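Note that full-length UniProt numbering has the sequence shown beginning at 1, numbered continuously upward.
Treat the hints as calculated values from the structure; they're not laboratory data. Incorrect hints may appear among the rest.
[Claimed, not checked] Derived DMTMM-like pairs (lysine to aspartate or glutamate); straight-line CA-CA distance at most 25 angstroms:
no.	residue 1	residue 2
1	LYS27	GLU55
2	LYS19	ASP61
3	LYS70	ASP39
4	LYS54	GLU32
5	LYS27	GLU13
6	LYS36	ASP20
7	LYS66	ASP20
8	LYS59	GLU13
9	LYS52	ASP62
10	LYS19	ASP50
11	LYS66	ASP39
12	LYS66	ASP76
13	LYS52	ASP76
14	LYS52	GLU13
15	LYS54	ASP20
16	LYS59	ASP28
17	LYS52	GLU37
18	LYS54	GLU37
19	LYS59	GLU37
20	LYS59	ASP39
[To be verified] Label pairs and their in silico Cβ distance ranges:
no.	residue 1	residue 2	range
21	ASP50	ASN86	10 to 20 angstroms
22	GLY30	ARG51	23 to 33 angstroms
23	VAL82	GLU13	14 to 24 angstroms
Predicted model only: the values in this text are computed from it and were never measured. Just so you know, even glycine gets a beta-carbon here, dropped at the ideal spot from N, CA and C.
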Amino acid sequence: MQFHCIGCGHASEMFGFVKDVFMCCAKDWGVETLLKELDCVRRIFMGSEDRKGKELHFKTDDLLLKLQTKIVSPSDACNYIVQFFN
1 MQFHCIGCGH ASEMFGFVKD VFMCCAKDWG VETLLKELDC VRRIFMGSED RKGKELHFKT
61 DDLLLKLQTK IVSPSDACNY IVQFFN
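Assemble the whole structure, with the sequences as input and the hints as a guide.
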């Protein structure tokens, strides 16, 4: 899935962009920010037709539910999503 920057028109592979954001930033987010970011990624990849995108959609959907019901902690959720990308 390609992402095109509205400002400069630069194209980036969306999966790689999301990976970079979670690898670099997620450990510093609070639970609300993490929930919002996971929901955003879930919605972006909802229509994905490739295997990696579909898996990411299902993983974020699962993590959102587990965070909302406090089955996992925010730090564990961050670790799970980072492990997904590795």
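To see whether the hints hold, each was checked on the structure:
| no. | hint | in the structure |
| --- | --- | --- |
| 1 | LYS27 with GLU55 | 22 angstroms, holds |
| 2 | LYS19 with ASP61 | 16 angstroms, holds |
| 3 | LYS70 with ASP39 | 16 angstroms, holds |
| 4 | LYS54 with GLU32 | 24 angstroms, holds |
| 5 | LYS27 with GLU13 | 22 angstroms, holds |
| 6 | LYS36 with ASP20 | 17 angstroms, holds |
| 7 | LYS66 with ASP20 | 23 angstroms, holds |
| 8 | LYS59 with GLU13 | 19 angstroms, holds |
| 9 | LYS52 with ASP62 | 15 angstroms, holds |
| 10 | LYS19 with ASP50 | 16 angstroms, holds |
| 11 | LYS66 with ASP39 | 13 angstroms, holds |
| 12 | LYS66 with ASP76 | 10 angstroms, holds |
| 13 | LYS52 with ASP76 | 21 angstroms, holds |
| 14 | LYS52 with GLU13 | 12 angstroms, holds |
| 15 | LYS54 with ASP20 | 18 angstroms, holds |
| 16 | LYS59 with ASP28 | 20 angstroms, holds |
| 17 | LYS52 with GLU37 | 18 angstroms, holds |
| 18 | LYS54 with GLU37 | 17 angstroms, holds |
| 19 | LYS59 with GLU37 | 13 angstroms, holds |
| 20 | LYS59 with ASP39 | 11 angstroms, holds |
| 21 | ASP50 with ASN86: 10 to 20 angstroms | 18 angstroms, holds |
| 22 | GLY30 with ARG51: 23 to 33 angstroms | 32 angstroms, holds |
| 23 | VAL82 with GLU13: 14 to 24 angstroms | 18 angstroms, holds |
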